[in-house]
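Engineer: Listed below, chain by chain, are the residues.
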Amino acid sequence: GAVVSQHPSWVICKSGTSVKIECRSLDFQATTMFWYRQFPKQSLMLMATSNEGSKATYEQGVEKDKFLINHASLTLSTLTVTSAHPEDSSFYICSVTAGTVWTSGGPLHEQFFGPGTRLTVL
Amino acid sequence: GEDVEQSLFLSVREGDSSVINCTYTDSSSTYLYWYKQEPGAGLQLLTYIFSNMDMKQDQRLTVLLNKKDKHLSLRIADTQTGDSAIYFCAEKEVTGGGNKLTFGTGTQLKVEL
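For the record, the sequence lines run as chains A and B.
With my numbering applied, the first sequence corresponds to residues 9 to 130, in that order.
With my numbering applied, the second sequence corresponds to residues 59 to 171, in that order.
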């Protein structure tokens, strides 16, 4: 499967600062990347879908001005948490789709996940 | 949005079988997935099943799908301590288009010696 990396793996910052998280697809070109947020002992919540060369599509309730997404190349998407506050502390995970894999059951769009970034805002 | 529910916690002894259950609401789902998440790590795709299948077996993993009841289960045979993790079921959203996945609440599996 595809190899996805995230940097940094963890970050601690002061309230009011901005934090940039990188998601890289290491061995293929990803036209679509997804950003998720996971609170402790909870499921992943999709924040936005990032398409290379175009604006990201945000899920309902996610502030696009606070969570800036830039998908400037086929191998890199960045999520910037602007003016971070303690309630933004979470585990942020990106995923990429490796295109369509045709199976006997039909098209399968598999997502490959990065290892996640733990953000703690003090 | 669609709801995907799972029990929160399961404890089994090493060598026993584990069965993790999931219920979903989107009857138009085409694919249903099982992911494994180890502490502090991202998600690893374990297996998937297409909606026109009832069962899929992959080594120690058996997936059962009851489409009528919208119930999905993952059975892990001969559970090992390395299987301790959080398991998420997920459905591929069809009604909204694209490749969006809706994840369940996750089941933490603890394997005891």
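Don't read these hints as lab results, they were simulated from the structure.
Yeah, the Cβ is synthetic: ideal placement off N, Cα and C, and Gly gets one too.
A few of these clues could be false.
[Said to hold, decoys possible] Capping the alpha-carbon separation at 16 Å, the derived lysine to aspartate or glutamate pairs in EDC-like fashion look like this:
id	chain 1	residue 1	chain 2	residue 2
1	A	K49	B	D136
2	B	K168	B	D116
3	B	K168	B	D127
4	A	K74	A	D96
5	B	K94	A	E30
6	A	K74	A	E95
7	A	K49	B	E96
8	B	K126	B	D84
9	A	K28	A	E118
[To be verified] Label pairs and their calculated CB-CB ranges:
id	chain 1	residue 1	chain 2	residue 2	range
10	A	N59	B	F108	46 to 54 Å
11	B	R71	A	S17	45 to 53 Å
12	A	E71	B	A135	41 to 49 Å
13	A	L34	B	F108	27 to 35 Å
14	B	L103	A	Q50	38 to 46 Å
15	B	N124	A	L34	34 to 42 Å
16	B	M111	A	K28	40 to 48 Å
17	B	Q117	A	T39	28 to 36 Å
18	B	Q102	A	S23	31 to 39 Å
19	A	R126	B	Q117	14 to 22 Å
20	A	E67	B	Q102	18 to 26 Å
21	A	G24	B	D74	48 to 56 Å
22	A	T88	B	D127	27 to 35 Å
[Claimed, not checked] Which chain B residues stay away from chain A? Per the calculated CB distances, all over 12 Å, these:
id	residue
23	S69
24	S75
25	E96
26	K158
Engineer: Take the hints in turn and mark each one as holding or not.
Structural biologist: So, going through the hints one by one against the coordinates:
{"no.": "1", "hint": "K49/A - D136/B", "result": "26 Å, violated"}
{"no.": "2", "hint": "K168/B - D116/B", "result": "21 Å, violated"}
{"no.": "3", "hint": "K168/B - D127/B", "result": "27 Å, violated"}
{"no.": "4", "hint": "K74/A - D96/A", "result": "10 Å, holds"}
{"no.": "5", "hint": "K94/B - E30/A", "result": "23 Å, violated"}
{"no.": "6", "hint": "K74/A - E95/A", "result": "13 Å, holds"}
{"no.": "7", "hint": "K49/A - E96/B", "result": "12 Å, holds"}
{"no.": "8", "hint": "K126/B - D84/B", "result": "11 Å, holds"}
{"no.": "9", "hint": "K28/A - E118/A", "result": "26 Å, violated"}
{"no.": "10", "hint": "N59/A - F108/B: 46 to 54 Å", "result": "26 Å, violated"}
{"no.": "11", "hint": "R71/B - S17/A: 45 to 53 Å", "result": "33 Å, violated"}
{"no.": "12", "hint": "E71/A - A135/B: 41 to 49 Å", "result": "45 Å, holds"}
{"no.": "13", "hint": "L34/A - F108/B: 27 to 35 Å", "result": "29 Å, holds"}
{"no.": "14", "hint": "L103/B - Q50/A: 38 to 46 Å", "result": "20 Å, violated"}
{"no.": "15", "hint": "N124/B - L34/A: 34 to 42 Å", "result": "38 Å, holds"}
{"no.": "16", "hint": "M111/B - K28/A: 40 to 48 Å", "result": "42 Å, holds"}
{"no.": "17", "hint": "Q117/B - T39/A: 28 to 36 Å", "result": "32 Å, holds"}
{"no.": "18", "hint": "Q102/B - S23/A: 31 to 39 Å", "result": "33 Å, holds"}
{"no.": "19", "hint": "R126/A - Q117/B: 14 to 22 Å", "result": "32 Å, violated"}
{"no.": "20", "hint": "E67/A - Q102/B: 18 to 26 Å", "result": "23 Å, holds"}
{"no.": "21", "hint": "G24/A - D74/B: 48 to 56 Å", "result": "50 Å, holds"}
{"no.": "22", "hint": "T88/A - D127/B: 27 to 35 Å", "result": "43 Å, violated"}
{"no.": "23", "hint": "S69", "result": "16 Å, holds"}
{"no.": "24", "hint": "S75", "result": "24 Å, holds"}
{"no.": "25", "hint": "E96", "result": "10 Å, violated"}
{"no.": "26", "hint": "K158", "result": "6 Å, violated"}
The structure fails to meet hints 1, 2, 3, 5, 9, 10, 11, 14, 19, 22, 25 and 26 from the earlier list, while all remaining hints are met.
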